[in-house]
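Colleague: If you want the building blocks of each chain, they are given just below.
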Amino acid sequence: MEKYFVTIGIEIHCELKTKTKMFSSAPTSFGEVANTCVNEVDLGHPGTLPCVNKHAIELAIKACTGMHCTIDPLVRFDRKNYYYSDLPKGFQITQQFFPIGKDGYVEIEVDGEKKKIGIERIHMEEDTAKQFHKETGTYIDFNRAGTPLIEIVSRPDMHSAKEAAAYVETLRKNLFYLNVSDVKMEEGSMRCDVNISLSPDQNTLGTKVEIKNLNSIANVQKAVQAEIERQSALLDAGEKVEQATRRYDEAQKTTILMRKKEGNVDYKYFPEPNIFPILLDEEWIRNIQDHLEELPDARIERFISQYGLNDYDASVLVADRSMADYFEEVVKSTKETKKAANWVIGDMSAWLNKNNQSFEDLEVDADAIASLINLISNGEISGKQGKAVFEEVMLGKDPKKVIEEKGMKQVSDDGAILALVSSVLDANPQSIEDYKNGKDRAIGFLVGQVMKASKGQANPKRTNELIREELAKR
Amino acid sequence: MEKFSNEYFKKLANDLKFDLSDEEIEELKKDFIEVEKQVELFDSIDTEGVQEMVYPFETPTYFIREDEINEVLSQEDALKNAKDVRMGHIHVPKVVR
Chain A
256 MEKYFVTIGI
266 EIHCELKTKT
276 KMFSSAPTSF
286 GEVANTCVNE
296 VDLGHPGTLP
306 CVNKHAIELA
316 IKACTGMHCT
326 IDPLVRFDRK
336 NYYYSDLPKG
346 FQITQQFFPI
356 GKDGYVEIEV
366 DGEKKKIGIE
376 RIHMEEDTAK
386 QFHKETGTYI
396 DFNRAGTPLI
406 EIVSRPDMHS
416 AKEAAAYVET
426 LRKNLFYLNV
436 SDVKMEEGSM
446 RCDVNISLSP
456 DQNTLGTKVE
466 IKNLNSIANV
476 QKAVQAEIER
486 QSALLDAGEK
496 VEQATRRYDE
506 AQKTTILMRK
516 KEGNVDYKYF
526 PEPNIFPILL
536 DEEWIRNIQD
546 HLEELPDARI
556 ERFISQYGLN
566 DYDASVLVAD
576 RSMADYFEEV
586 VKSTKETKKA
596 ANWVIGDMSA
606 WLNKNNQSFE
616 DLEVDADAIA
626 SLINLISNGE
636 ISGKQGKAVF
646 EEVMLGKDPK
656 KVIEEKGMKQ
666 VSDDGAILAL
676 VSSVLDANPQ
686 SIEDYKNGKD
696 RAIGFLVGQV
706 MKASKGQANP
716 KRTNELIREE
726 LAKR
Chain B
147 MEKFSNEYFK
157 KLANDLKFDL
167 SDEEIEELKK
177 DFIEVEKQVE
187 LFDSIDTEGV
197 QEMVYPFETP
207 TYFIREDEIN
217 EVLSQEDALK
227 NAKDVRMGHI
237 HVPKVVR
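For the record, the sequence lines run as chains A and B.
Per the working numbering, the very first residue in the first sequence carries number 256; after that it's consecutive.
Per the working numbering, the very first residue in the second sequence carries number 147; after that it's consecutive.
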């Protein structure tokens, strides 16, 4: 449908889940009191020296491995020089010349079709301070300064808004599963810049426009779509696309010019003289790679093969890691894996939604849910009773106790049910007549009467069977 | 244009956001010419085939810092050098529109 050939490349910055900064032992933070999580290194005081965080390297290696990158065991850093108030040293320490990882890929799926998107490089660097621009001037909070980041640079392998969104979503899920980052786009722990160009033919590239600061996956898709439309309209009208940086405006549903590109900024990159090249132990790297967390796609496959779930249920569970974790806790104590998936995806999710909670902070014991599922499948309580018990279990009660307290125990004892069946049949001669005349519906009415007489405790399946047996005798 | 012209120094000063008087420019001019002469001496050294060296040692290090919180400043200390502090933030003139 597109008249022009669209080329998209994406750069993603992602804060690493470490306790301390990339080059200092001050704590990383989000939402702390301003300028309370810094030390002299983060503030760029003269005479301070950067010292590389081992855990940050470890997380970068995990990210690289998850994205099938080749890892450079000799870690080197460089200086990127520019002058701005969010950068106290006047330079950012990054890995310009030798990124820790390169030449990888991720697999995305769009409209049922799988496709590999190349990763050009993954490198480590430090975040800048956070600035708030107010009427009087700019307020600077250095808490974020020095926070470890990885930047993931894709190859220009995407050609539609859907592919761009799928790529960001896949990266987000993978990095979350690998425990590399908490990937909260709305809080800025994952930030996304999209480069996009349109061309009349596949063999030439159009003028590149960069869209910055996209704070959700939905906005990635909307912004790219809006930008494709904007550039198409310009080209249709015979106009030129200007090389520029733009941002997406949600209200106007279009991209807005931030600044025109005024030539290439010279960052005067050079090797960081204060950090010696660090040679990583091959054994250490291999150990990290051998103990990598399971990635989402692998987990979906395992849920299908190990628990016999269908593709849809497995995908829904895995999309929310906490939900998938909870499901796995539940199936430790029940063999009813499909029913467990149904409860977790259905009733539990609905309950959590209604109560504004998530699986992440759920305190209900997975054992209790498993026990509830077992009680229903053993026929000790009916499915309907199960729903009532579930409500109590979600408030922290033990299902067996709830059943006891409410006197819910399903009666499966033939003698007790039979007594009720006899009295119901005696009281309803018309229904017996109807049944004999071929009205099978009468059975339903009689079962209902027995259930009512038992206050819902009679096992419906057994009741049905006994009514049929009794009717045959009359 | 003369290499170390008055305009050259004025532009440099302006880029770095300070003012220079004509007398100061004359002083700097002498220094710059002298420094350049020194730098030109490097050209007399033959570096053909010699690899650049960034660090004084050829061997890499193996040391990396464990991810443990150690040095943190109090907010008071962190802001001590700032000229203008408002609501716990360092306050600077706005550089964006």
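Keep in mind the hints are simulated off the structure, nothing from the lab.
C-beta: ideal position from N, C-alpha, C; glycine also.
One or more of the hints may lead you astray.
Non-contacting residues of chain B with respect to chain A, defined by C-beta distances greater than 10 Å in every case (computed) [stated by the list, open to error]:
| id | residue |
| --- | --- |
| 1 | Lys149 |
| 2 | Ser151 |
| 3 | Ser167 |
| 4 | Lys176 |
| 5 | Asp189 |
| 6 | Glu214 |
| 7 | Asp230 |
Simulated crosslink set (EDC-like; lysine to aspartate or glutamate; CA at most 16 Å straight-line) [unchecked claim]:
| id | chain 1 | residue 1 | chain 2 | residue 2 |
| --- | --- | --- | --- | --- |
| 8 | A | Lys309 | B | Glu212 |
| 9 | A | Lys716 | A | Asp669 |
| 10 | A | Lys274 | B | Glu214 |
| 11 | B | Lys240 | A | Asp341 |
| 12 | A | Lys710 | A | Glu659 |
| 13 | B | Lys226 | A | Glu465 |
| 14 | A | Lys274 | B | Asp230 |
| 15 | A | Lys389 | B | Glu217 |
| 16 | A | Lys309 | B | Asp161 |
| 17 | A | Lys477 | A | Asp448 |
| 18 | A | Lys272 | B | Glu212 |
| 19 | B | Lys240 | A | Asp681 |
| 20 | A | Lys274 | B | Glu217 |
| 21 | A | Lys516 | A | Asp566 |
| 22 | A | Lys728 | A | Glu659 |
Colleague: For each hint, tell me whether it holds in the structure or not.
Modeller: Hints and how they fare:
| no. | hint | result |
| --- | --- | --- |
| 1 | Lys149 | holds (20 Å) |
| 2 | Ser151 | holds (22 Å) |
| 3 | Ser167 | holds (24 Å) |
| 4 | Lys176 | holds (27 Å) |
| 5 | Asp189 | holds (20 Å) |
| 6 | Glu214 | violated (7 Å) |
| 7 | Asp230 | violated (8 Å) |
| 8 | A:Lys309 with B:Glu212 | holds (5 Å) |
| 9 | A:Lys716 with A:Asp669 | holds (12 Å) |
| 10 | A:Lys274 with B:Glu214 | holds (7 Å) |
| 11 | B:Lys240 with A:Asp341 | holds (12 Å) |
| 12 | A:Lys710 with A:Glu659 | holds (14 Å) |
| 13 | B:Lys226 with A:Glu465 | violated (39 Å) |
| 14 | A:Lys274 with B:Asp230 | violated (30 Å) |
| 15 | A:Lys389 with B:Glu217 | violated (31 Å) |
| 16 | A:Lys309 with B:Asp161 | violated (38 Å) |
| 17 | A:Lys477 with A:Asp448 | holds (14 Å) |
| 18 | A:Lys272 with B:Glu212 | holds (14 Å) |
| 19 | B:Lys240 with A:Asp681 | violated (91 Å) |
| 20 | A:Lys274 with B:Glu217 | holds (12 Å) |
| 21 | A:Lys516 with A:Asp566 | violated (46 Å) |
| 22 | A:Lys728 with A:Glu659 | violated (35 Å) |
Checked against the numbered hints above, the structure breaks hints 6, 7, 13, 14, 15, 16, 19, 21, 22 and satisfies the rest.
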